[in-house]
Amino acid sequence: MDHSATTPVDPLVVDAMLPFFSETFGNASSLHSFGTESAEALSRARKQVADTIGALPEEIFFTSGGTESDNLAIRGVVPFNAGKKHMITSVIEHPAVLNTCAFLEELGHEVTYVPVDTDGVVDVDELEKSVRENTVLISVMHANNEVGTIQPLEIISDIAKEHNIYFHTDAVQSVGKIPVNVNDLGVDMLSISSHKIHGPKGVGALYVRKGTTISPIVFGGNHEKGIRSGTENVSGIVGFGKALELASERLEEDSLHMTRMRDSLISSVFDTISDVRLNGHPSLRLPNNVNISFKYVEGESMLMMLDMQGVAVSTGSACSSKSLNASHVLSALKIEDDFIHGSLRISLGRENTMDDIDHVVNALLETIAKLRAMSPLADK
Amino acid sequence: MDHSATTPVDPLVVDAMLPFFSETFGNASSLHSFGTESAEALSRARKQVADTIGALPEEIFFTSGGTESDNLAIRGVVPFNAGKKHMITSVIEHPAVLNTCAFLEELGHEVTYVPVDTDGVVDVDELEKSVRENTVLISVMHANNEVGTIQPLEIISDIAKEHNIYFHTDAVQSVGKIPVNVNDLGVDMLSISSHKIHGPKGVGALYVRKGTTISPIVFGGNHEKGIRSGTENVSGIVGFGKALELASERLEEDSLHMTRMRDSLISSVFDTISDVRLNGHPSLRLPNNVNISFKYVEGESMLMMLDMQGVAVSTGSACSSKSLNASHVLSALKIEDDFIHGSLRISLGRENTMDDIDHVVNALLETIAKLRAMSPLADK
Amino acid sequence: MVLYSKKVIEEFSSPANVGFIEDADGVGEIGSTVDGDIINISIKVKDNILEDVKFKTFGCVVAISTSSAVSRLAKGKRVDEAMALTNEDVINYLDGLPEGKDRCSGFALDALKMAIEDYINKNK
Amino acid sequence: MVLYSKKVIEEFSSPANVGFIEDADGVGEIGSTVDGDIINISIKVKDNILEDVKFKTFGCVVAISTSSAVSRLAKGKRVDEAMALTNEDVINYLDGLPEGKDRCSGFALDALKMAIEDYINKNK
Ligand SMILES: Cc1ncc(COP(=O)(O)O)c(C=O)c1O
Ligand SMILES: Cc1ncc(COP(=O)(O)O)c(C=O)c1O
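Protein chains in written order, with the numbering used here: chain A, 8 to 387; chain B, 8 to 387; chain C, 8 to 131; chain D, 8 to 131.
Simulated from the structure, these hints should not be mistaken for laboratory data.
Ideal Cβ placement from N, Cα and C applies to all residues, glycine included.
Careful, some of the hints might be misleading.
The list that follows gives simulated cross-link-like pairs (lysine-lysine, BS3-like), each with its CA atoms no further than 27 Å apart [unchecked claim]:
1) K82/C x K377/A
2) K51/C x K377/A
3) K13/C x K54/B
What follows is a list of derived Cβ distance ranges for each label pair [claimed, not checked]:
4) G26/D x D165/B: 57 to 63 Å
5) K13/D x S29/B: 37 to 43 Å
6) K13/C x L19/B: 29 to 35 Å
7) N369/B x P186/A: 53 to 59 Å
8) S290/B x G218/A: 50 to 56 Å
9) P105/C x D362/A: 31 to 37 Å
Using the sequences provided together with the hints, build the complete structure.
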């Protein structure tokens, strides 16, 4: 129930990877036939990734994950366009984007963080207004990892094209859950992460549209056409390719299945628990994302109590050493104080069943009842 | 016979990894118990890595491989010491170091590339002379990947300490083959790569001595104490830890075994084939490295013919579209024209046997005979 | 999650003394929904002894488990003894708290002391 | 390695016409040890026909396989026909050469033409 954090590797994916540990273990950059088998495996995986998102194999660059893909897209473009020092992003991006932007600001670049509405949709008018002469890149995520809101990328793409600005999207959460096609979305770069779609951890890819000039952020033996050096993680890449292939084959079925579970979970919670709030957009929403706030109770406590009942979820509020912080995403959605500390993200996976949903609902009922009984607020 | 390029993953390592694909697949940064099991697995691996090199667990930072570790060590230190713009390295470093240095030069930093003698040993006097007021880092590899020469790191460490300069070493080739202890070597940072020691590809580590200030080069969710963001490659890291543990348990035995094979291979070649030359240092040499040049024949042709006989090796001369280039390492060793295009690196692994050595010698005999029969030089 | 000691988890999942004391002799409450923690402690005092101590807490695992721990530690103690309880006593009782979770560890004790002061003020 | 066509590999591993022709009518040689490729082609001409063509090559897989291919293509041809051979003929004969390996693909043909010119010059 925490599939947005990570997913189990599909057994078919593990099977696909196994030969590349001890048998076909060649270095894909070696000249001998041993290395060539690995190189061929990489080519197959590259095609699997490309096919899934409507790209060409030569537009796919493998990385160590979604975080590195985001870094590469932004830092591979922004600092290398002299005179164009400005980029635009949204306030609800993943830290992989936001912290990269913060780093660029330290280096003297300028970043505009466009706000979102209370459903988490990026304010497109604001975005357009923030375009400058020297804007080189727009980076807006496809779907948000916390509240599941899907962004209007097609509209943003039009703005980017009109002003001749590169457009990157972090599609780490959307791939495998909704259709993702680089041409329909109109993006120049797109980040994917393997472990979010039943592939292994530590692998990802950046799609880079032909004609987009990008510089590397890791230097070395010029693997991946010089864009990403380092001996290729062959087994990981093979698993990633297989996972994406499976995901795209199953997309329609999985998406329907998850949507059903999602909607059933949301309506059960609303039917049985009072003082709740759905965070994120009611319909422009990932099929596997449920993000609900419960009044009078706090996130980490719910998380712990649910964990005791075998339900793993996540929360947008974490009690750290300094403060009980609401996440930057929930804050950006301007959720009321009463609700902001009691948020839960329940993210479904294709292997979940309606029985799992029943179990979660029961666990939630018990958890909320118990915690509200302890809460000084519930009585007031 | 190309173990310096990569190694098969040890079956024990694969076994250690398997549970972390589909069973214990939690995100190590998640708060629920599912994620905690992964976090514990990372801790165990961190200790395995630390123990192997005499470090503390909190001094180990996991990366996506040797290349990234080298990048992190250099780019995490050099640009963040305002006023200290100079670093020193050697001419025979791996491209992961050399190309990172080239990038820093583009950014306005200054790099001195210290030469080596004809055996590939770094000229320590030159190194000391090149120290400046504003030198912030020395990066010299422990053992060279092409010719196997082991560098006098202890001496270089004394120079670094005397002048208060950070000292990094790329130990990607030495770990698992010769003893590597960060305190004996006197280094502040040390790079390791998993796939060179029978671990999975796409994982590595950088050792960073406590008190060394280093900045990240990948930004995001602040994994690895903020030094390396990105969801941790749990299965890969577990495999890496196990591989290092095995390597250090077997070090003495493996090293002896490889030394015997190496010396037998070298003497057989010298006994049976004329006009040959051993490249690299005769004794300060990795136990698994054989690098020999054969007059009158060219590297790629040898490689191909050996490959047909099931022997995978590598060569320091590659025929590219522009020129038949000798590697920067062989060039730095000032190997004569007659020998420079006919180099072969045969790098042994612990699973090789004396029978394998016999097979290689026979394949070499046949290959050299055949190619020399075609060569216009052999007759002249 | 293993971050927390067994004792913390125990205290969190089976807390003692949950509730408001209707005719309390002293009440202490700290926090707000903005801060995200509210701890309410009410006490009943008889013959200078804390006969009853109850808490209601909105907050994280540490907020709840320390509240419960404080209520147990204080109950049955003399007023001066209860006032002498330290943060360390609470943390020891819970077999330690994980690093970085010390922010709210003192809140429950603060609320108790507020309640005791409330009692003392009322009986001056 | 699969970079190379089957035909290239075949030609490389079982080359035809290896050797120097002792009493050659024409010899062409290009390259040096510094460059790293040396191709020597010698020819025997009778009645305006290349009766024999032999090569000796120091170089990479492409250098050797194109040398062998050129020797096969030229042998038995009239002098003018041999002079008319193109790089494309050689590459077609080898079922193509991988990208980035075109540097030395013309050397063998150049050496052949040097040998033919040598023959023509000698017989002027
Ligand atoms: C939207 C989004 N972007 C980027 C990432 C980072 O990807 P990875 O976990 O592969 O580093 C994540 C996942 O944590 C994510 O949800
Ligand atoms: C000396 C040396 N440094 C760095 C590397 C790069 O490590 P990795 O292959 O893990 O990127 C290698 C291997 O290619 C190496 O031999």
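To see whether the hints hold, each was checked on the structure:
Taking the CA atoms of K82/C and K377/A, the gap is near 23 Å; set against the 27 Å cutoff, the hint holds. Among the hinted pairs, K51/C with K377/A is consistent with the structure: their alpha-carbon atoms are about 24 Å apart, no more than 27 Å. A threshold of 27 Å between alpha carbons decides the hint, and for K13/C with K54/B the separation of about 24 Å falls inside it, so the pair holds. At roughly 59 Å, the beta-carbon separation of G26/D and D165/B lies within the given 57 to 63 Å, and the hint holds.
Evaluation of the 37 to 43 Å hint for K13/D and S29/B yields a pass: the beta carbon distance comes to about 41 Å. At roughly 33 Å, the beta-carbon separation of K13/C and L19/B lies within the given 29 to 35 Å, and the hint holds. Between N369/B and P186/A the CB atoms are about 57 Å apart, so this pair conforms to the stated range of 53 to 59 Å. About 54 Å separates the C-beta atoms of S290/B and G218/A, a value consistent with the hinted range of 50 to 56 Å.
Roughly 34 Å separates the CB atoms of P105/C and D362/A, a value that falls within the hinted 31 to 37 Å.
Checked against the numbered hints listed earlier, the structure breaks none of them; every hint is satisfied.
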